[in-house]
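Visitor: Using the sequences and the hints, build the whole thing.
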Amino acid sequence: MRVLLVEDEVEIRSFLERSLTEAGYQVEVAPDGATAEELAVEGSHDALIVDLGLPDVDGITLILRLRQLGVKAPVMILSARRTVDDRVRGLEQGGDDYLTKPFALAELLARLRNLLRRHGSGGNPSTRLRVMDLELDLLRREASRGDEALQLTPQEFVLLEYLCRNAGRVVTRSMILDQVWGMRIQPDTNVIDVHIYRLRGKVDTAGHEPLIKTLRGVGYVLKDR
Amino acid sequence: MSSKIAETPLRSAAWRISLWATLAFAFGTLLVFLMLNRFVANDIQRRTDAWLTGEVESLAEISEHTPKDQRYARILSEAAELASKEVPNRTRSHTVGNDSVFFAEEARDGALLLWVGTGTGKANLEAVHGAHLEPDTATDVHIDGYKVPFRVAMVPTDEGGHIYLGVSQRDERRVLENLAWRFLALGLVIVLIGFVIVFYTTRRMLTAVREITEAASRIGQSDLSSRVPTVTSNDEVGQLALTLNRMLDRIENSMHQLHTITNSLAHDLRSPLTAIRGKLEMSLSSANSGEQMEPIVSAIDELDRLSEFLNTSLDVAEARADALRLSRSDVDMEEVLRAMIGLYEPSMSDKGLKISLHNGEPVHVFVDPALVHRLVANLLDNELRHLVAGSSVTVSLRSEDDAAVLTVEDDGSGFAKEIKDRLFERGVKGQASPGHGLGLAFVEAVARAHGGSVTAANGANGGARLEVRLPLAVQPVEVEPMMVSAD
Numbered sequence: 001m002r003v004l005l006v007e008d009e010v011e012i013r014s015f016l017e018r019s020l021t022e023a024g025y026q027v028e029v030a031p032d033g034a035t036a037e038e039l040a041v042e043g044s045h046d047a048l049i050v051d052l053g054l055p056d057v058d059g060i061t062l063i064l065r066l067r068q069l070g071v072k073a074p075v076m077i078l079s080a081r082r083t084v085d086d087r088v089r090g091l092e093q094g095g096d097d098y099l100t101k102p103f104a105l106a107e108l109l110a111r112l113r114n115l116l117r118r119h120g121s122g123g124n125p126s127t128r129l130r131v132m133d134l135e136l137d138l139l140r141r142e143a144s145r146g147d148e149a150l151q152l153t154p155q156e157f158v159l160l161e162y163l164c165r166n167a168g169r170v171v172t173r174s175m176i177l178d179q180v181w182g183m184r185i186q187p188d189t190n191v192i193d194v195h196i197y198r199l200r201g202k203v204d205t206a207g208h209e210p211l212i213k214t215l216r217g218v219g220y221v222l223k224d225r
Numbered sequence: 226m227s228s229k230i231a232e233t234p235l236r237s238a239a240w241r242i243s244l245w246a247t248l249a250f251a252f253g254t255l256l257v258f259l260m261l262n263r264f265v266a267n268d269i270q271r272r273t274d275a276w277l278t279g280e281v282e283s284l285a286e287i288s289e290h291t292p293k294d295q296r297y298a299r300i301l302s303e304a305a306e307l308a309s310k311e312v313p314n315r316t317r318s319h320t321v322g323n324d325s326v327f328f329a330e331e332a333r334d335g336a337l338l339l340w341v342g343t344g345t346g347k348a349n350l351e352a353v354h355g356a357h358l359e360p361d362t363a364t365d366v367h368i369d370g371y372k373v374p375f376r377v378a379m380v381p382t383d384e385g386g387h388i389y390l391g392v393s394q395r396d397e398r399r400v401l402e403n404l405a406w407r408f409l410a411l412g413l414v415i416v417l418i419g420f421v422i423v424f425y426t427t428r429r430m431l432t433a434v435r436e437i438t439e440a441a442s443r444i445g446q447s448d449l450s451s452r453v454p455t456v457t458s459n460d461e462v463g464q465l466a467l468t469l470n471r472m473l474d475r476i477e478n479s480m481h482q483l484h485t486i487t488n489s490l491a492h493d494l495r496s497p498l499t500a501i502r503g504k505l506e507m508s509l510s511s512a513n514s515g516e517q518m519e520p521i522v523s524a525i526d527e528l529d530r531l532s533e534f535l536n537t538s539l540d541v542a543e544a545r546a547d548a549l550r551l552s553r554s555d556v557d558m559e560e561v562l563r564a565m566i567g568l569y570e571p572s573m574s575d576k577g578l579k580i581s582l583h584n585g586e587p588v589h590v591f592v593d594p595a596l597v598h599r600l601v602a603n604l605l606d607n608e609l610r611h612l613v614a615g616s617s618v619t620v621s622l623r624s625e626d627d628a629a630v631l632t633v634e635d636d637g638s639g640f641a642k643e644i645k646d647r648l649f650e651r652g653v654k655g656q657a658s659p660g661h662g663l664g665l666a667f668v669e670a671v672a673r674a675h676g677g678s679v680t681a682a683n684g685a686n687g688g689a690r691l692e693v694r695l696p697l698a699v700q701p702v703e704v705e706p707m708m709v710s711a712d
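Residue numbers (this note's numbering), protein chains in the order written: chain A, 1 to 225; chain B, 226 to 712.
Taking lysine-lysine and the BS3-like style, the derived pairs with C-alpha atoms no more than 30 Å apart in a straight line are:
id, chain 1, residue 1, chain 2, residue 2
1, B, LYS642, B, LYS579
2, A, LYS202, B, LYS579
3, A, LYS202, B, LYS576
4, B, LYS576, A, LYS213
5, B, LYS310, B, LYS372
6, A, LYS223, A, LYS213
7, A, LYS213, A, LYS202
8, B, LYS576, B, LYS642
9, B, LYS310, B, LYS293
10, A, LYS223, B, LYS504
11, B, LYS293, B, LYS347
12, A, LYS202, A, LYS223
13, B, LYS372, B, LYS347
14, B, LYS347, B, LYS310
15, B, LYS504, A, LYS213
16, B, LYS579, A, LYS213
It should be emphasised that the hints constitute simulated quantities derived from the structure, not laboratory data.
Guide: Next comes the structure, spelled out in structure tokens:
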């Protein structure tokens, strides 16, 4: 997976480059818009990470320009602006994603993976999800573990579905809030943890291998092997 | 907030102005008419009198020079008939004979010698006697049987009798009436035209003012970058628009500066925070024992608290300055509350708290969804943090007048006395509260940015009660396309 990282801050660029490389991506870096344009047009990247505050050009303008030039890779937007510009919202609806600084590295990696998967698969409308012995019937909204049916509330089912779709990948609390509840909020209480805890109580019952793992300070992951 | 400027023409200033202007105009026209009427009446009178005195003189002369034989009566009658045909202002009478002029000669003893006119002349003579006529002047005489007075002139004869010549004022009246009718009709037309002209010009002018008001109120609510429509003319309205636009320029400039400051502050702090967080996370991944991880994890937690504090602080600051940028859309508050309560319910019941939602129907507000989500989350976080096990929280929603009223009430110990009056200030929090004291300040700031308000009180049962009011979504008002200055 080739990723183009467009970021002018040296510190951030270097640690992002390192951690992206460690996560198994091939990373190309560009400190400004002009370099980014050159690199993006030359090489075929699977994803772009673009900081909005570039020295020579506004990040959104750069993205729109790249789109005009035929660059189709999904974009992860990094923004130091707190309030989200309508234009970013527009891009987000076009399939791209955004993160405000400071962000958790794990969050960035999780969202990036999500972005790549969404972009790559195109989303085949399967009606069943299967992870290990956990099975979800998306039409009937029923879940089972082995032969055992799970008694889930509709909300818990949606949450488990989200975890299953991202099985083996880390999902952060804010990703869950965003994707499952449709809210971009950062509650300073443990609301998501309690939901996960309850779900775990129903899914990881005695006699089954625990599937929902907590990664401290990062988020959760549904084991897939 | 839709503009509350009167749309009905009957209540508009244009209507009132044109009404008053028309009244003044009509009054002026009336004055002109009265003067003209008086002038015309006097003129007619003068001409009639001149004719009368002249004619009566000549009749007297004829009478003097005509021998008093059988032909006398015929000659004088003919002369009188002839004279009556020359009456000024005369309109041709349809009746046979002549009832608008009479001629009479009386003897010294008052006997009627000669009578030319309709009737026997007795009534005329009686009236003339009662009127005390002076020679050579014409006088109004009311005669029984005639509605309109006669103008009568008298000349004494040599024999000691009198010669009278009278002309009815009927024709004069008719002329004046005619004049009055025409003037009335013409006056009405003029006044009506005047009214229409005044109404349309003031309306045009005031429409410009109204457009400016509407645009200004729209700008006040949302978009500082647009401008009120400018009129090409350099009159008072044009000046008003220009002045308003200049003021808006300055306001936008200040806002822009505020945004720049908060943005650069945010950016300057955020970039190092991002770098620090990234490095901490990387060292976390290379740490291999729980002992090594613990301080790093807590450092990350602290860092997250710091950046959240920074975010909320800046939001509160911007909202306080009415500079929070809102991306509004139609939001059903009931749906938001259901989702939020669904999100918080597990945490609440985990802590031994109960939460319930009371309301009837969907309540639509026109707000920034992300900010309102955070507002509600802050309220519920607040409850979650402060309530002791066994308490319950009641969330209710209703629409009242033009506001959606969201109430969050608990049966806990209520707000502490020492902070109660300063709840919405930044950094104000209960002693035992672990938060940074921005939660309610943020709630208040968001409500205010949307044109709403928050009130806090201790409820009847002693628990805390927070009431948030947000303006209801209104049907978008149809606005005529407006000119925006190229700026």
